[in-house]
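Residue numbers (this note's numbering), protein chains in the order written: chain A, 638 to 932; chain B, -8 to 449; chain C, 1432 to 1857.
Incorrect hints may have been included.
[Stated by the list, open to error] Across the chosen pairs, the derived CB separations fall in these ranges:
1) B/Arg443 x C/Val1847: 28 to 38 Å
2) C/Pro1655 x A/Pro718: 46 to 56 Å
3) A/Thr736 x B/Phe254: 11 to 21 Å
4) C/Pro1707 x B/Leu120: 13 to 23 Å
5) B/Phe254 x A/Gly720: 43 to 53 Å
6) C/Ala1506 x B/Ser115: 32 to 42 Å
7) C/Ala1736 x B/Gly55: 34 to 44 Å
8) B/Ser298 x C/His1584: 18 to 28 Å
9) C/His1584 x B/Ser383: 25 to 35 Å
If you're looking for bench data, these hints aren't it; they were derived computationally from the structure. Even for Gly, the Cβ is constructed at its ideal location relative to N, Cα and C.
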Amino acid sequence: MPSGKITSVTEPTNQLHAASSSNDASLANRANDYSETVGNIRVDSPKMSMSNVDVFYGEKQAIFDVSLDIAKNEVIAMIGPSGCGKSTFLRCLNRMNDTIDICRVSGKILLEHEDIYDPKLDVVPLRARVGIVFQKPNPFPKSIYDNVAYGPRIHGLATSKVELDEIVETSLRRAGLWSEAKDRLDQPGTGLSGGQQQRLCIARTIAVSPEVILMDEPCSALDPIATARIEELIDELRSNYTIAIVTHSMQQAARVSNRTAYFHLGYLVEVGETNDIFTNPNHKLTEDYITGRFG
Amino acid sequence: MSLSTLFTIALIVVILAFYTGQRKALGFRMSGGAPHSLPFYHGSWFAVCVLLPAALFLLVWSVGDGAVIKSIILADLPEPFASQSTQEIQLVYSEITQLGQSSFVSNNAAALAASGKEFQALHSLSAQLKYSFASVLVFIGAIYGWTRLQPHFNARVKFEGTVRKVLFLSASVAILTTLGIIFSVLFEALRFFDSVSIVDFIFGTHWSPQMSIREDQVGSSGAFGAVPLFVGTLLISAIAMLVAVPVGLMSAIYLSEYASRRFRAWAKPLLEVLAGIPTVVYGFFAAITVAPLLRNLGETLGLSVASESALAVGLVMGVMIIPFVSSLSDDVINAVPQTMRDGSYGLGATRSETIRQVIIPAALPGIVGSVLLAVSRAIGETMIVVMAAGLSARLTVNPLEAVTTVTVQIVTLLVGDQEFDSPKTLAAFALGLMLFITTLCLNIIALHIVRRYREQYD
Amino acid sequence: MSQTTIDIVNKNLAKRYAREKRFRLLGFGSVMIGFAALVFLLVTIVGDGWGAFKQSSVRLQLNFDQSVLSIEDVADEEQWQYGNYIGVIKAALRQRFPEMTSRAQKKLIYRMVSPGADHQVRQLLKKNPDWLGSIQEVWLPADDDIDSFVKGHVDRSLPESDRRIKDTQIALVDALQESGDLKLKFNTLLFTAGDSREPEQAGIRGALVGSFLTLLVTLGLSFPIGVAAALYLEEFAPKNRFTDMIEVNINNLAAVPSIVFGLLGLAVFLNVFGLPRSVPLLGGIVLTLMTLPTIIISSRAALKAVPPSIKEAALGLGASKMQVIFHHVLPLALPGMLTGAIIGMAQALGETAPLLMIGMVAFIVDVPGSFTDPATVLPVQIFLWSDSPERAFIERTSGAIMVLLTFLITMNAVAVLLRKRFERRW
């Protein structure tokens, strides 16, 4: 285990370090040292930008000094062995971790230059801008229509019934659920199949027109066919939204994402273009994981 | 023989039997054999052999001898008494049983002296027979057990079989209780419906059970239309629910969704104290404090509030039920999965929006179940209404007036010295039957809903 | 497009947060309503009942004159029982207020002391036979009207006709208080006497003993039966319809109104089996049936909490199923079962309605000595007293409620401590 001391020393110049070390194969291939991220963590004019994020559950630290940018309209995949903190990190991006009492986040997370952990910041509009889709499909015990209309209703996005109908239809269309659901809008969302439920949850999220959509292993509870549908959907959504997806499946990351970030025991080990990561990983741990030596 | 002496004797017998049996089994071991079971089990089984038949016999005899003695005495009751109605014979019999006691004074003492003597004689004869038979059974049991105690006797299996039967019998007590309730209440209620038609009882709107014993008295025929009682019960229960459901539900929501851990840690138990206060205390509080308070308040507002108003009773009953609703709803709300909350928060909903539009709809079946249980409790609540509600049956839904309830009437009809067979007392059982059926249905539906709800999220 | 969305969201925020605040306040208000009701109830009860623990007593110089008492020998039961103790008290009162000479005035001074005070004097003489023929200083309970006045429940400024205590008596009370002959003392009678028609003579001893005996029967029956039933259902019962029926049954019985158990007791135990009325034995049996579901349910929960690994370990060593249960499972589950039993007992201690049905409402002066003596219990005593019109009985009712609540709080606290002490995480 790396000591906390190393992390604190590298803090201010993380970006430089990371940039230079990516070329230094001998250093990067040392499996024991993963406190510094390999690869380009920064991008030009990022949608979201995280710097030196630490997350604690009570006394236990779950995320160590992670810095990362998410570009506009990109799909970034976060991969890593289970328990590596990728979901925890994702849930920081719209402050979903606030619902866990003992969870504490430090560092800076910017959404277009606005610090989302600013004590003065309101989470309600933040979550309207940064939506989230969860691991297990969790439709509300309401009709399909009401599920999708829930967000627009609470935020007051529609001024009339016609307008609301329109939002519901567009969202369901975008989520690829319209043809299956248009005749049963008044039936409970819990009556759909697992894959349909997950698409319903995606429709529910995009009904609020978020700028960023976070997806926390959205296909882990689904069968391969439903998974394929969701992956297609992600591909279609990338033109309008910025998407961050956590997945335990490397194939999925390879299929849907532009960039990939590899997490290990709470550290961001390596980040880069998805093609590069999968064909030519720079860090020994990334390579071991991708080649299936653990995980 | 007093109960405590009996228990002491039984205890001594058991201990002696256990040691004797154990010693005999130890003897097998000494003599080189390899007994099948440990000496402990030989002792235990021997003790069971000795005590169980005698104990069962004593129980059956004690339960049955009263009825037998009664029938013998009544069979040769002297003439002026023998031709009386069953109710009066009942009273005479209780006089006879008390004749032997020095403090008891009776007008009929002389006429009943013979019966009294006979009762005393039968009573002591019964006791003598009972204890002699019991002793004989102890000996028979001991001899049987002694001959069976052999090295190859599997005392453990035998003893464990007995224990298992005892456990089964204990579990059946619950069934017996229910059967006892159903049969006793149903049987007496059917006798009531012999004299009063069931239609008049359920749909009649006039209730005045005051029946005179002699025909020529004024108002001799009672009226048994229970509608005013049903309406009164429902009125009070409705007021109680109007208090308990919103307050209980909102408390549960606040405590589980808003309150800090520390606030919850002391607020929840404190609220549950309300559930632990005996109902008789609530009754006293309603009658002495709340009812006068409301009446005075009504006076200043120019309203006439009865001093036994349904409102006062309902309010206090509502307070009593608050913790009941809140702890049940709390369980239900906590059973709503966190993913559901996350889904709503993830869309940018505020807490109250999440609670009102996601959690409550999700928890609704469970909440309905708890409310039904609470209604059943309100309907069956007795002491508050007995102490603070009215006695006269008035058909009204005005909460400021006094109404009476089913339970109040059961208590007033049965408390005090009543002859057991009159329609008046039997009416109490008919009311009890209604109460039992209503609450049973409510409970079954509620428990079913709650269980289905639990399964949904398990 | 998203720019406009966020604008709309922001525009509506104030309204939504106002609603949020209202909702939260509603929740907080509800909790506070519950607390307010609790505080109001407790304050009223304690405020009314505090006085019950004090009793005004009057100091008198009693002359145990043999001729007045007409007692030659205290040891003679008959003489001692029927001695003219009232005469002695009246003489002492006349002596204390020699200025009161007319019939009407004498009547008033006689009403200063409790009409039942002769009972105390009788007991004193029994304890001190040598007092016969001597003059002794004795504190006797004052009449309840005097007591109420001394405790400030009577308004002096009311016209004389509107209060139960007359002007002459007020003057006497003032005089007695001046000379230190009338004091508020701890009300020992409340804890040593049985019921009485006179508030100042009434105590809860009989009811306490009755409650104790009844609970003893209830505990003695319901705990073993409840534990045995739980053991059967949890460990032995085959999965069949009969077992299901027992389960549903127990859950339903737990929610049957308590008065129905009273009807059962009346119809079955009194009328069919002919058990005696009003006795702790019968009360205990009825309460057993009522608390049994509670005890079974909590005992089953305690049994379920014992991890199967322990059972498997013992079974693996060749223990029989019965041995596993009695040697390993039961001891581990016992604290949880005890907690359930205490809570069930607390429930039984506060129960009134079923006991009314089986005649435990009689006016009983004597303290019960056995399970088959007529008795009443504390909550029923409260019910009986609450019906009495005297102001002093309201005070005593509240006092009795305070005693009852003290017992209940203690029992529940013990249950909580027991649970904390033995709580084990596997």
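Honestly, do B/Ser298 and C/His1584 meet the 18 to 28 Å range at C-beta? holds (20 Å)
Could you see if the CB distance from B/Phe254 to A/Gly720 stays within 43 to 53 Å? violated (34 Å)
Tell me if the beta carbons of C/Pro1707 and B/Leu120 are separated by a distance inside 13 to 23 Å. Once the Cβ atoms are compared, 20 Å apart, the range 13 to 23 Å for B/Leu120 and C/Pro1707 holds.
Is the distance from the Cβ of C/His1584 to the Cβ of B/Ser383 consistent with 25 to 35 Å? holds (31 Å)
Okay, C/Ala1506 versus B/Ser115 on CB: inside 32 to 42 Å? holds (33 Å)
11 to 21 Å was suggested as the range; check whether the CB atoms of A/Thr736 and B/Phe254 agree with it. Holds - the Cβ-Cβ distance for A/Thr736 and B/Phe254, about 18 Å, lies within 11 to 21 Å.
Given the hint of 46 to 56 Å, check if C/Pro1655 and A/Pro718 actually sit that far apart at their C-beta atoms. Taking Cβ atoms as reference, C/Pro1655 and A/Pro718 lie about 55 Å apart, which means the hint holds.
Could you see if the CB distance from B/Arg443 to C/Val1847 stays within 28 to 38 Å? holds (32 Å)
Taking 34 to 44 Å as the hint, is the beta-carbon distance of C/Ala1736 and B/Gly55 inside that range? Given range 34 to 44 Å: holds, Cβ gap about 42 Å.
Comparing the model with each numbered hint stated earlier shows that hint 5 is the single one that does not hold.
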